[in-house]
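For this one, chain A is given, so just place chains B, C, D, E, F and G on it according to the hints.
Below are the chains, spelled out letter by letter.
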Amino acid sequence: MKIRPLADRVVIKMVEAEEKTKSGIVLPGSAKEQPQMAEVVEVGPGGVVDGKEIKMELKVGDKVLFSKYAGTEVKLDGQEFTILRQSDILAVVE
Amino acid sequence: MKIRPLADRVVIKMVEAEEKTKSGIVLPGSAKEQPQMAEVVEVGPGGVVDGKEIKMELKVGDKVLFSKYAGTEVKLDGQEFTILRQSDILAVVE
Amino acid sequence: MKIRPLADRVVIKMVEAEEKTKSGIVLPGSAKEQPQMAEVVEVGPGGVVDGKEIKMELKVGDKVLFSKYAGTEVKLDGQEFTILRQSDILAVVE
Amino acid sequence: MKIRPLADRVVIKMVEAEEKTKSGIVLPGSAKEQPQMAEVVEVGPGGVVDGKEIKMELKVGDKVLFSKYAGTEVKLDGQEFTILRQSDILAVVE
Amino acid sequence: MKIRPLADRVVIKMVEAEEKTKSGIVLPGSAKEQPQMAEVVEVGPGGVVDGKEIKMELKVGDKVLFSKYAGTEVKLDGQEFTILRQSDILAVVE
Amino acid sequence: MKIRPLADRVVIKMVEAEEKTKSGIVLPGSAKEQPQMAEVVEVGPGGVVDGKEIKMELKVGDKVLFSKYAGTEVKLDGQEFTILRQSDILAVVE
Amino acid sequence: MKIRPLADRVVIKMVEAEEKTKSGIVLPGSAKEQPQMAEVVEVGPGGVVDGKEIKMELKVGDKVLFSKYAGTEVKLDGQEFTILRQSDILAVVE
Chain A
0 MKIRPLADRV VIKMVEAEEK TKSGIVLPGS AKEQPQMAEV VEVGPGGVVD GKEIKMELKV
60 GDKVLFSKYA GTEVKLDGQE FTILRQSDIL AVVE
Chain B
0 MKIRPLADRV VIKMVEAEEK TKSGIVLPGS AKEQPQMAEV VEVGPGGVVD GKEIKMELKV
60 GDKVLFSKYA GTEVKLDGQE FTILRQSDIL AVVE
Chain C
0 MKIRPLADRV VIKMVEAEEK TKSGIVLPGS AKEQPQMAEV VEVGPGGVVD GKEIKMELKV
60 GDKVLFSKYA GTEVKLDGQE FTILRQSDIL AVVE
Chain D
0 MKIRPLADRV VIKMVEAEEK TKSGIVLPGS AKEQPQMAEV VEVGPGGVVD GKEIKMELKV
60 GDKVLFSKYA GTEVKLDGQE FTILRQSDIL AVVE
Chain E
0 MKIRPLADRV VIKMVEAEEK TKSGIVLPGS AKEQPQMAEV VEVGPGGVVD GKEIKMELKV
60 GDKVLFSKYA GTEVKLDGQE FTILRQSDIL AVVE
Chain F
0 MKIRPLADRV VIKMVEAEEK TKSGIVLPGS AKEQPQMAEV VEVGPGGVVD GKEIKMELKV
60 GDKVLFSKYA GTEVKLDGQE FTILRQSDIL AVVE
Chain G
0 MKIRPLADRV VIKMVEAEEK TKSGIVLPGS AKEQPQMAEV VEVGPGGVVD GKEIKMELKV
60 GDKVLFSKYA GTEVKLDGQE FTILRQSDIL AVVE
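Protein chains in written order, with numbering that gives the first Met the number 0: chain A, 0 to 93; chain B, 0 to 93; chain C, 0 to 93; chain D, 0 to 93; chain E, 0 to 93; chain F, 0 to 93; chain G, 0 to 93.
Keep in mind the hints are simulated off the structure, nothing from the lab. Idealized CB from N, CA, C, for every residue including glycine. Any given hint could be a false lead.
To be verified - Computed footprint of chain E on chain D; a stretch qualifies when at least three of its residues, placed anywhere within it, have a C-beta under 8 angstroms from a C-beta of chain E: (1) 0–11; (2) 55–69; (3) 72–86.
Chain A with its partners taken away, still in its complex shape (with noise of 0.2 angstroms):
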């Protein structure tokens, strides 16, 4: 079973909690908007969205930074996803 995003949305899913400690990042909560490391899973096609040209930049395997106010959340086969649009993805982090 699989999840295929339309247009510019992406499915991410979250690094476990294990996996921030070792590489060392604390993601800090704040009142106002909390981002949150994941891992792409999914990527829409792009294409026409409201209008404009959206290319998708992101691939499967990219770690990104994005607001957890963004998207929505999903459970599949037992696993937690958030889908959400490209332009909700704040940073890639390498």
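This is chains B, C, D, E, F and G only, laid out in the frame that chain A set:
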């Protein structure tokens, strides 16, 4: 009797809870936005919507994830449907 | 006496409750948005609306679903009508 | 003394209550939006409004329905008028 | 000392109450939007405003109606003025 | 040390209260919007802002009126400045 | 480990309080909008953002003023960063 959606709208029917259990999909509710799984039963013709050309990517029979707060619910011949814009569909589940 | 809607507006008349029962249609109200079934009685000419060319897809006699919160109600010669934009019509029921 | 409306504005004068009774028109108020019947007394020149070309469709003498919450009321030489944009006129009554 | 308004702004000066009485104009206040009569004393150059070409239609000396809630009041050399955009002027009174 | 504003922003410095008294300018506060008089000390390069070409009309030394609620205050080398967009400047006083 | 911002975003690092004291810069907070001084540490590639071509004007090492309420804070390898759009940067301090 048939609902013919206008423009970029689609008509979807909630997938039964039983079916959801079989496929192992659990759609957790959140205070902010609750996704839902449904099947597409009618697809509008697309065309120019708010001055922008919209091409319909969905087809009848697609299993889709959408936000619970999108669209309008209607009941026709004893069945419940939701009418919403294609852009409110997050992803197709295959 | 006749209501001639301007631009992309249409005039609709609620379908009687009796008729609704016969066709088996039940339109459940929700706190968020209550759809309604009506018949189109007048269609505006379309044309340029807010800088965008609007083509009228609806015709007199169409049975339509629309959101209860769209449009403006008027009473003419003892009958109640609603004037609303074509884009507030969700679907045609055939 | 004369009010010359700018751009896509029109000046309208409420139709007298007596006249309304004769024509059988009753305009019911709702908590959301109260339509009103009026006669067009001045029409602006149209032209480019907010970057978009507006063509005036209304003419002096048209009986129109409009939303009570649109426009601005003024009193000139003892008569009350409302100045509003053509797009706030819902329909012409013939 | 002189106020030179930028872009599509104009500077207006309220017409005296006495003058209003002579011309028979009464501008009734409403809870929603109170129109006001004033005289144009300075007109901006127009030009490209928010990406759109604005042509100035008003000229110094025009008597205008405007909404009380539009613009910014300033006091210069003991006189009060209002600076507002041309699009906030409803009509010219001739 | 120097503040170089980006895009269509300008840096302004409040004109001293004494100077205001000499020129006879009084800027009355209102609950809605309080204008302020200031001198332009830095002008951004203009260019494409939000997809629109902005040409800078202001120059260093201009005395300007602006809304108190526009822009961001900074203190540099003991002096207070405000950084705001050119479109938030209402007028030049000559 | 490195944060690669997407599109028109930049990564900035707050300038230390000590350094601020040395340069004589004091950034007063206001209830409305508190500016902050920071150094640019990563610059996104720019490109088409929301249908508009964005050219990056900032470069790594620029000292910038920005609004405290813009962007998202992240902590990487023990250091705090803010990711925000170039358009949220008010000025470069030289």
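Now for the hints, and whether the structure bears them out:
no.: 1; hint: 0–11; verdict: holds (count 9)
no.: 2; hint: 55–69; verdict: violated (count 1)
no.: 3; hint: 72–86; verdict: holds (count 8)
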